[in-house]
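Protein chains in written order, with the numbering used here: chain A, 1 to 440; chain B, 1 to 263.
The set of hints was computed from the structure by calculation and includes no laboratory data.
Treat the hints with care, as some may be off.
[Claimed, not checked] In silico lysine to aspartate or glutamate, DMTMM-like type, Cα no more than 25 Å apart, as pairs: (1) 44(B) with 430(A); (2) 344(A) with 355(A); (3) 268(A) with 91(B); (4) 206(B) with 367(A); (5) 59(A) with 164(B); (6) 199(B) with 256(A); (7) 206(B) with 144(A); (8) 59(A) with 152(A); (9) 199(B) with 403(A); (10) 268(A) with 59(B); (11) 439(A) with 3(B); (12) 93(B) with 152(A); (13) 186(B) with 215(B); (14) 116(B) with 262(A); (15) 425(A) with 202(B); (16) 437(A) with 3(B); (17) 205(B) with 144(A); (18) 244(B) with 33(B); (19) 62(A) with 211(B); (20) 258(A) with 33(B); (21) 325(A) with 211(B); (22) 325(A) with 202(B); (23) 116(B) with 256(A); (24) 186(B) with 237(B); (25) 325(A) with 200(B).
So you can see what is in the structure, the chains are spelled out below.
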Amino acid sequence: MSILPQIAFLLIFAIAGWILYKRVSYLRRNILLGKAESRNDQPEKRWKTMGLVALGQQKMFKRIGPAFLHLLIYVAFIIINLEVLEFVIDGLSGSHRIFAPFLGASYSVAMNIFEFLAIAVLVSCVAFLIRRNITRVPRLTMRELSGWPALDANLILIIEIVLMLAILSMNAADQILADRGVGYYLPVSGLFFSGLLRPLFEGLGDGALVFVERFAWWFHIVGILAFAIYVTYSKHLHIFLAFPNTWYTNLKPKGEMKNMDEVTNEVKMMLGMPTESSTEPPAEIARFGAKDVNDLSWVNIMNAYACTECGRCTAECPANITGKKLSPRKIMMDVRDRAEEVGKSLDAGGPGLEDGKSLLGDYTTKEEINACTSCNACVEACPVNIDPLAIILQMRRYVAMEESGTPAQWNAMFQNMETSFSPWKFAPTDRFNWADKLKE
Amino acid sequence: MSEYKVPTMAEKAASGDAPEVLFWVGCAGSFDDRYKAVTLAFVKILNQVGVNFAVLGPEEACTGDPARRAGNEFLFQMQAVANIQVLNGYDVKKVVTACPHCFNTIKNEYPALGGKYEVIHHSEFLQQLIDAGKIVMKGGGEFKGKKITFHDSCFLGRANNVYEAPRAVIQALDVELVEMKRCRTKGLCCGAGGAQMFKEPEPGKKDINIERTEEALATGAKAIAVGCPFCLTMMSDGVKNKEKEHEVQVYDLAELIAKDQGL
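Next up, chain B with everything else stripped away, as it sits in the complex (with noise of 0.2 Å):
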């Protein structure tokens, strides 16, 4: 038996336990083979603070984000509203999630479809148990001193306006953080947004997440920083591409977090 624990919400009803948050997974998180290893790490750090936490399981489904972004209204508000159901009925308030689609869908787009919850993204969370001394860093991993770039999510950043705190994650850990030159409001997207993730793109000169990882390795930086699973996978495909995979790595913030804690 290991030492973490995974509770279901069905699990906590029935042990008439209310969890202070809902560690939203996502269709990445749950599925997506290297995605699913950011899940495990933020279950660790959530396990090791010792938060009071809880996932859907098999109860979760899509937020229906590629669907309405594909312009399937339909097919999103019938998943948004069997979601809702489920999160109404575990009388949800707070919902923690790695992915800035499902974040921004959760937090935005159901209160219209009467879901009205906390919603906050992991980077998010994860600066708020440094600040707060839950986390305290060991700053001796393998980055120590190490050049790393974050690339920003549109959906976190422009969408949500989410900037410092993925930054403050970075920088409580002992290494130098570096800017790409397209970063925060100007940061150019990896490509994979807007439901672009299931499809090929269109003919042009050029693939975007090819043009992003360029600029993301004339920084230098040993490790290209993300904080979500559309731009880890992308990021990772361009790096690859350029043939630098094992001179630069792509991890999520949640990774950065765990491997400094040993998890």
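One chain only, chain A, in its complex shape (with noise of 0.2 Å):
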């Protein structure tokens, strides 16, 4: 037996590697664009959230009808990959279905499981097709996911369908090989599901039907690879990072915002009272709030990264339900694509951060953050907790504290508040009239 076939799959292994390697690089190098943020406290606590809320899928459950296709995949997903590991000792050593005489019945009975979930999967997609394209689910189809971010989507869904279906037609046109003897092929007792393809491959010749069981078999292989690394360039890599992504879980109160420290001393000092860092000389502040990527904590780009545009932030917030421009999907959508850009430039020797271009500006408009409720909504509704409204905060404290430029009415808020201690007009003395009632 030829050992070309083993020597082509270790090179195409050795290659999907090394491209994924740089990829994951690449990624991790633009997720750390942003600042230094600390979240290990509570360790059980976030295995915890990992467990119920990327693992169990606990949030997806909001929505059940999707939820339930949605954990099709998911299982068929993890279960199916135990069957590739057959694939790859196969490919390396130039053996078939090495795994078969060991498990005896309960291969075939694996088999048929796996099977099962191909077709689970082969379901799944085309419903959510259907939802994308034919019934055109609103969130689905907003207007930010024109372009790439629809043809993205319908290509994770598409290149799972055929490699599902690549499956099943191996296990056909195998079944159909060692039914007649040939070769290494051994039968596997019962498949029931790529029994249903047999129809399609009888009339085949034998070498005819090895050509297809071998196409299959590199075909699924090859594109299970190359789907690893697609999904470095696509929304789709929230199956990764959905884990990491909960695991650093805001774990505080969803009202609380993030106090700035380099603030806190200043304040203390025009108030005239002691401030703690008084003898060190005053950290070296960036800039107030958000204008860029880097400016945002790295928790929030691994956020944008983690997102897979299912829109279920936006289809809750507020804003965007009575007609706003605001939508939380498309926060996070700016800031991946802004980090993308600047990772990219980097890579190419460019300026990077230093490009003319912001996240604020060139991504996001102002319109779009001042129309946030704060809210909350779309953390709540986010199955994999990104927090879009963290970042729409940190970017309003750069209008205000940078650029002045909040609309009119809060600035004259503002005023009032620095004036008379409460955000409308009233003298402060006129605060305790309300008891003038109860003495009458």
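Could you use the hints to bring the two separately framed chains together as a complex?
Here is the structure:
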């Protein structure tokens, strides 16, 4: 037997591994464009959150229909990867169905489960294609998805369908060959789902069948490797990033905004209070709030890469529901797209962050961030605990403190607060007048 | 001279008394004509139950919440640090407030600036008083047997996971609590959070409070209960916009209890 296929396999595997390594390094660098932030407290709670939300799909089940279809694909993805292990061993050692002799009857049970899952993925992906392209579910057909995001979503579904068809065709051809006693093909009794495809291939000669079987085998394994690389360019990255993303969830009450310690010292000095770091030189303050991706925390950027653009956030956003431009999903896409732009520029020896563009202004507009009610509906809705609100509020800080560019009515509110300690223009001395009614 | 007393922290300190709880009135509770009625209702309940409370009176200032949400961290911290100085000066241990924005800010954001207190929202406080038998419902009020819906405030609900206390308070009344389609974790904002209360909304096809009011009216409720001054304003405006103000009332939880008690 020729060793050529094994060498080809090893080569393909090594190349895919190398590309993946480069891609992961690239993504990691982009995420770390963000500022350092420590989120390693309460590890037990973090593991639990990851277990429930990412592994357990807890928040998906707020919408039961899509959750069920998604669960099928998710379970299939994990379990079919066990079969890929066999593919890899076969590919490297030149064996065929190496696990079959060891597992005996349970091998055909396992194969039937894989085939069932392949059918389940097929059905789910077709249902998802229908939802996106025919029934056109509103959150899946919004403006921000036109172009690449919509194509990306459809491509993933089509790739998954084709990969599943490859597995089923391979098994069908494989079993016809086994029944005919050709070569090393082993009979695996009672493969139900691929059995349904056998009539398609029965008419082919042995040579043609071997070609179909080998082609489907190579197509599937190369397809999976290609898909793994594709994922790093796609919104589909959530299949990996959902896990760290949920682990690094904000565990504080959702209503709490992070204190800007660099402001606290200045405020205390203004009020003539002792400051904690009066002996130290003031820390270098790059910028108040966020204008660009490097002003955000690395967690914010990881959030952006973990977003699969499902739009549950936007569907729950009161501003978006009532026709405002704000879409929390678009905020996440903007952060990712800007991080991508900067990352690509840096790799090409370009100016990176210094390209004269920025997240706020070139991607996200003030009109969008000003429309937010900070209601946390988007944060609550996200199946992988992404926090668009944190990003919006950091951009608002930039606008208020670096640009003094808040809407005029907010500036008036600031002025009232400065002069009369209330957002409305009332005399502070009148604050207790409400109690006069009780004294009458 | 009225039967109700509203002692200030300054008066309490002068007489050497340390009140059990500080009632943080908030700007809306102090200045908003409609919401002053809520402040009075809550004060009457505190008097009736005999809670040893006090207010800051003229020493209170805005918590800074709208400034912080609008991006002005300097102004927020100026307000916060000054308030914390006052609160710590009186050695305040426990704060109750009827405003979820004040509640969220004092509870979650003041600790980072040195203000650490036990902070509860008046819905939780009322629930505790009911559970302890200190408020005994008379149950014969104007809403007896009628439908009331509760509108979740974002800063109470999603921001701080307080969903059940306000519902427990409503259910203690002899009324039928009906839920809107979007409630609890999925509750729709009234449109005023994040400093939106203080500016016109961005261009769109509808105002958020109208969307929410339509949903509340669809329940057939005779009253919309709220636990937040901004929600009260937004929902009242929404009901007026729909010309339903004669059929459907918007009340704060404290008002519902005060009405039941004949206060």
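Hint check results:
Among the hinted pairs, residue 44(B) with residue 430(A) is consistent with the structure: their alpha-carbon atoms are about 21 Å apart, no more than 25 Å. A hinted pair counts as satisfied when its Cα atoms are at most 25 Å apart, and residue 344(A) with residue 355(A) qualifies at roughly 12 Å. A hinted pair counts as satisfied when its Cα atoms are at most 25 Å apart, and residue 268(A) with residue 91(B) qualifies at roughly 20 Å. A distance of roughly 16 Å separates the Cα atoms of residue 206(B) and residue 367(A); the hinted pair therefore holds under the 25 Å criterion.
Between residue 59(A) and residue 164(B) the CA atoms are separated by roughly 21 Å; this keeps the pair inside 25 Å, and the hint holds. Only pairs whose Cα atoms come within 25 Å are accepted, and residue 199(B) paired with residue 256(A) is accepted, the gap being roughly 22 Å. A hinted pair counts as satisfied when its Cα atoms are at most 25 Å apart, and residue 206(B) with residue 144(A) qualifies at roughly 20 Å. Taking the CA atoms of residue 59(A) and residue 152(A), the gap is about 24 Å. The hint holds against a cut of 25 Å.
For the hint pairing residue 199(B) with residue 403(A), the CA-to-CA distance comes to about 19 Å; that is within 25 Å, so the pair holds. For the proposed pair residue 268(A) and residue 59(B), the alpha carbon gap of about 19 Å is at most 25 Å, so the pair holds. Taken as a hint, the residue 439(A) and residue 3(B) pair is honoured in the structure, with Cα atoms around 8 Å apart against an allowance of 25 Å. Pair hint residue 93(B) plus residue 152(A) does not hold up; C-alpha atoms about 55 Å apart against a cutoff of 25 Å.
Proximity of residue 186(B) to residue 215(B) is assessed by CA-CA distance (about 13 Å); at most 25 Å being required, the pair is judged to hold. For the given pair, residue 116(B) sits about 20 Å from residue 262(A) by alpha-carbon distance, which is consistent with the 25 Å threshold. Distance hint between residue 425(A) and residue 202(B) is fulfilled; the C-alpha atoms sit about 23 Å from each other, no more than 25 Å. This hinted pair checks out: residue 437(A) and residue 3(B) have alpha carbons roughly 12 Å apart, not beyond 25 Å.
Under the criterion of a C-alpha separation no larger than 25 Å, the hint pairing residue 205(B) with residue 144(A) is consistent with the structure, at around 18 Å. Our distance criterion of 25 Å between C-alpha atoms is met by residue 244(B) and residue 33(B), whose separation comes to about 21 Å. Taking the CA atoms of residue 62(A) and residue 211(B), the gap is about 22 Å. The hint holds against a cut of 25 Å. Restraint check for residue 258(A) and residue 33(B): the C-alpha separation of about 33 Å exceeds 25 Å, so the hint is violated.
Between residue 325(A) and residue 211(B) the CA atoms are separated by roughly 17 Å; this keeps the pair inside 25 Å, and the hint holds. Pair hint residue 325(A) plus residue 202(B) holds up; C-alpha atoms about 8 Å apart against a cutoff of 25 Å. Distance check on the hinted pair: residue 116(B) and residue 256(A) sit about 14 Å apart at the alpha-carbon level, within 25 Å; holds. Of the supplied pair hints, the one linking residue 186(B) and residue 237(B) holds, its CA atoms being roughly 22 Å apart against a limit of 25 Å.
A threshold of 25 Å between alpha carbons decides the hint, and for residue 325(A) with residue 200(B) the separation of about 15 Å falls inside it, so the pair holds.
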